[in-house]
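Residue-level listing of the chains:
There are 2 protein chains.
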Amino acid sequence: MTQGYRVAIVGATGLVGRTMATVLCERHFPVRSLRMFASARSAGSSLEWNGRSIVVEEARPDAFADIDLALFSAGASTSRELAPAAVAAGAIVVDNSSAWRMDPDIPLVVPEVNPDDVAWNKGIIANPNCSTIQMVVALDPLHRARGIRRIVVDTYQSVGGTGNKGVAELREQVAQDAAGVALTPNVYPHPIAFNLVPQIDSFLPDGSTKEEAKMVNETRKIMHAPLIKVIATTVRVPVLCAHSEAVHVGFERPITPDEAREFLRRAPGVIVEDDPSRSIYPTPRDKIGRDEVFVGRIRSNDVFENGLSMWIVADNIRKGAATNAVQIAEELARRGLLANRKERLNVVRG
Amino acid sequence: MTQGYRVAIVGATGLVGRTMATVLCERHFPVRSLRMFASARSAGSSLEWNGRSIVVEEARPDAFADIDLALFSAGASTSRELAPAAVAAGAIVVDNSSAWRMDPDIPLVVPEVNPDDVAWNKGIIANPNCSTIQMVVALDPLHRARGIRRIVVDTYQSVGGTGNKGVAELREQVAQDAAGVALTPNVYPHPIAFNLVPQIDSFLPDGSTKEEAKMVNETRKIMHAPLIKVIATTVRVPVLCAHSEAVHVGFERPITPDEAREFLRRAPGVIVEDDPSRSIYPTPRDKIGRDEVFVGRIRSNDVFENGLSMWIVADNIRKGAATNAVQIAEELARRGLLANRKERLNVVRG
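Protein chains in written order, with this note's numbering: chain A, 1203 to 1552; chain B, 1203 to 1552.
Honestly, I wouldn't trust all of these hints.
Repeated chains share a single entry, so a pair holds when one copy, or any two copies, can fit it.
[As the list claims (entries may be wrong)] List of simulated lysine to any residue pairs, SDA-like, C-alpha gap at most 25 angstroms: (1) 1431 to 1508; (2) 1412 to 1478; (3) 1367 to 1316; (4) 1367 to 1480; (5) 1412 to 1229.
Derived from the structure by calculation, the hints contain no laboratory data.
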């Protein structure tokens, strides 16, 4: 094990998959070997990683022999099909799709918030939704201090959240706008250039989108706080990368903005940028490529009892997806939970 | 009077001023004569209006003789200097700046909400802040029906709200981004292309911006509801025109989404566009050039007692500024309050 882990990335050609590979390298995750998996369409192409070229293989159920850790970011249906196969082959799966997040038998983990939940995994650990991750990293330290009862969150989500095709659609429509021709929406239900789309994912019967429901349900599960009331409006904005959130919270006990800033300065993974007198607060363009969650515009509100409002920004591809997944792997490694399960069984059996 | 009113526009070369001229024409406001005023810099240029060319004059305190109605949109300091002079010369002023809005002696009017307030004017009527206007047009019918107690609003405000220079800054920075050069912010404290700026106007000691304070104070004044609690986060987004708002409301009495849609369908100046199954909701790009307020994404929330959430979009230059000002003038005319005050006095004196 001193040589590290045999790692696979499933969905390796996507925006999140490529960033997972980068983050493994940046954080010096002990990688003994790295295999890249994608759909049959991408198989045979090659990707650069850590100074070498890796040929992309087709992701198939029989591909996971001799893998310790499989980082999945290939969509819910691929995860549903392949993650159980990877687990059966002995791997631990950290899955970035929505497939398993609300399964009561599967931990949903943000390492700054609920690292202990990695311990009870049965092979799959779910990586939460991007907009949820950045919110709970900022809110959990305040919840532990003063108890959160209610959350209103309105999001400003970048096209990077839709992957390469979202970025391409925004770029293409900006060019169409400059050329004076009609914008042609493909990825989103409406034009996104110089526009807003208050719909992320499909609608549920109650009028919320699935993205909004994720922010309610995943927040409660990660924070172990099933009684917190949450309402979210999630909006796609013409920003390339990094999500922003206007958040308004009601607490059980009083909390001042200064106290909140102090709790957040001591919190893991959070950077407070909050000096209105000098127009200092996070903006998404500044935070592309950063792994932390940035919080500013902290102030009281009188809409809630013990009310506090703030503005939260993070790179949705990094902390909202790839970095959080690698942090989960680090947490597993730290606890000795990453050795290949089949091999562990063999060792035990002698 | 059958020949109409002698109208002046102060700030005639600006985005709102030019739209005021257009809206006067579109709505067939009875204009006997139209004079265009601007700063000394723009004086001497000419503007097209209703098929003729009008030379722009310098806005000076002595310029308002023989004016019945002066529509001001030239900033607070110009309004403070010139509006009293216009009133002294006999004109009624409808002022789009923030100069007089919270003055208890000056009505602040949205004709769909508080038209009767035009009656007690002493010469100046204030036109509210753009983001406030569209919110109260949508919320007041619901307030009358079920009583609003609390409002959380997060805005997505276009660069058109900053006038011509905001639009130019966004366009220029998009070109800079395409050229791969650094973005140079001038109008806004941070880049706005592919970015968000969670600061509109300057900051107050409590950590709110003046724009956010306007949404609190003006809402209460227009709706005659001093006890409603409001918290706003106002954010500049890279949209050219039309403002959007995610709004979450708590009511005194229960209200269902269907009831809200019905109240809003019957409300003046509101169009309900709310069919999630077909991705129908308003987006700002669609609403440029429209005079109504558009509401969609109506659904319940459990964060508030009797909670309701919605998405509100309107053209901030039209309903948020120019159209509302002209509607105030129409309301004054309808009540016979637009005849030149000096001339009325002369008539009375005989």
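From the Cα coordinates, with 25 angstroms as the cut-off, is the pair residue 1367 and residue 1316 best called within, between, both, or neither? Neither: 32 angstroms inside a copy, 47 angstroms across copies.
Should residue 1431 paired with residue 1508 be assigned to within, between, both, or neither, using CA atoms and 25 angstroms as the limit? Answer is both: 15 angstroms inside a copy and 13 angstroms across each meet the 25 angstroms cutoff.
Is the C-alpha distance from residue 1367 to residue 1480 at most 25 angstroms within one copy, between copies, in both cases, or in neither? between (37 angstroms within a copy, 22 angstroms between copies)
Identical-chain pair category, residue 1412 with residue 1229, by Cα at 25 angstroms: neither (32 angstroms within a copy, 43 angstroms between copies)
Should residue 1412 paired with residue 1478 be assigned to within, between, both, or neither, using CA atoms and 25 angstroms as the limit? between (34 angstroms within a copy, 12 angstroms between copies)
Of the hints listed earlier, those the structure fails to meet are numbers 3 and 5, in rising order.
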